[in-house]
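The listed protein sequences correspond, in order, to chains V and B.
Heads up: the first sequence begins at 1 in the working numbering, then just goes up one per residue.
Heads up: the second sequence begins at 1 in the working numbering, then just goes up one per residue.
Bear in mind the hints are in silico, worked out from the structure with no lab data behind them.
Note that beta-carbon positions come from the ideal geometry of N, C-alpha and C, so glycine has one too.
One or more of the hints may lead you astray.
Stated by the list, open to error - Here are some, though not all, of the chain B residues that point toward chain V, as calculated from beta-carbon distances under 8 angstroms: (1) H53; (2) T54; (3) F71.
What the hints assert, rightly or not - The calculated EDC-like cross-link candidates involving lysine to aspartate or glutamate, where the alpha carbons are at most 16 angstroms apart (straight line), are: (4) K70(B) - D39(B); (5) K207(V) - D75(B); (6) K210(V) - E43(B); (7) K90(V) - D56(B); (8) K164(B) - E133(B).
Each chain, written out:
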Amino acid sequence: MADIDELIGKLAGEARTVKPAPHPFMLSTKWMAGATAYLLVALAISGTRMDLASKFQELLFALEIVALLAIFISSSLSAALLSYPDLHQKRAIAYAPAGALALLVLVMFFAWRADDPPTPLPVHSIQCSLEITLLSLLPIGWTFYVMRQYASTHQRWAGSIALFFAFSIGALWLRLAENTDSIIHLVQWHYLPLIAFGITGMWLGKKFLKW
Amino acid sequence: MKQSLAGDQRTYAELLQATSRLLQPYLSKRLNSASEVDDVLQEILISVHKARHTYDGKRPYKPWVYAIAKFRLHDHLRAHYNDQLHHADDLSEIEEILPEDVTEPVLSYESISIEVEKLPEKQATILRLMHQEGYTAREVAEKIGMSESAVKVAAHRAYKVLRKKLEE
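Please construct the entire structure, taking both the sequences and the accompanying hints into account.
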């Protein structure tokens, strides 16, 4: 007990004015604003698909983009909450990406059923996964850098969600830029790599979000 | 906490004292020995200090501090059980070697007893109780006021020392 008292004395002696961390919603807004700017720059460089305006007339395409946006927004909010030890006492919101992911799965299921006769597969394959990964690298680094300044007590979960967030930026970019509508291709090379991202995120979170 | 964040050292010390009193029963229920409770409590207080900027004073303090306490407790338990598992592996290796060694004529009961007496008092007592008087680790733990796992760890350390000495 004497050790505890001594430690408390030492810690209290080190106490200086501390600037409280921003509200997680503010943090999330900053991430989303930065990511949107990054996405717009990427789209300006790569160009959007030629038929983008007409594609938005298709319900399932529009819903797919909405689902990706839902993953983008919910994972940003969740990652921000997971940066705080107590999830800022808003645990329910931290689970929101699961709902957004379920929406994407549902939309892709209906898109697959509607894809009859199936759209021919494009010539390329893994190239899409690599492009999404490459575009996501900068947001991954940025999100982890910011998260490390806080104190996550759910490091694996936080890492995984941070990568979901970065992935959603890459996935949105490619869906708006690439002229591919084969559902099999989209599922296989655009969305299934999300699982690999999630697992890698758990590992990265455990490694880099220690404090 | 708000005052503490503003750099008020006295209030901060009081807050840490209150936190320490709050967490002691929580940890005592979950850990075996008083020394373990103290170690984990120190870890938690340091973590509270490091993470104090993530608390803004606008939401309840207890859920925040318990989240940190739970996190550090789990960290400690994970490390403890990993360690135990590692020791258990070592012990099985020793068990394979021990029958060969003790049947060698150079090792007598007396020579082992002499080496046991040279061990630190706690380790020597544990080995005497377990191997001369036939108590189990749990019984030894109750007898000398330690946790069962601490007794096993101390015994294992003693085996390691003995093995080294008897191999020389």
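Given the hinted pair K164(B) and E133(B), is their alpha-carbon gap at most 16 angstroms? violated (24 angstroms)
Is the hinted pair K90(V) and D56(B) satisfied, with a Cα-Cα distance of at most 16 angstroms? holds (14 angstroms)
Mind checking the alpha carbons of K210(V) and E43(B) for me, to see if they're no more than 16 angstroms apart? holds (14 angstroms)
With a cut-off of 16 angstroms on the C-alpha distance, tell me whether K207(V) and D75(B) pass. It holds: about 14 angstroms lies between the C-alpha atoms, which stays within 16 angstroms.
Per the CB criterion, is H53(B) less than 8 angstroms away from chain V? For H53(B), the interface hint holds, since the closest Cβ of chain V sits about 5 angstroms away, which is under 8 angstroms.
Answer holds if the nearest beta-carbon of chain V is closer than 8 angstroms to that of F71(B); otherwise answer violated. Hint holds; F71(B) Cβ to chain V Cβ min 4 angstroms, cut 8 angstroms.
Would the pair K70(B) and D39(B) pass a check requiring their Cα atoms to be no farther apart than 16 angstroms? holds (14 angstroms)
If you take the shortest Cβ to Cβ gap from T54(B) to chain V, is it below 8 angstroms? Where the cut-off is 8 angstroms and the nearest Cβ of chain V is about 5 angstroms from T54(B), the hint holds.
Checked against the numbered hints listed earlier, the structure breaks hint 8 alone; every other hint is satisfied.
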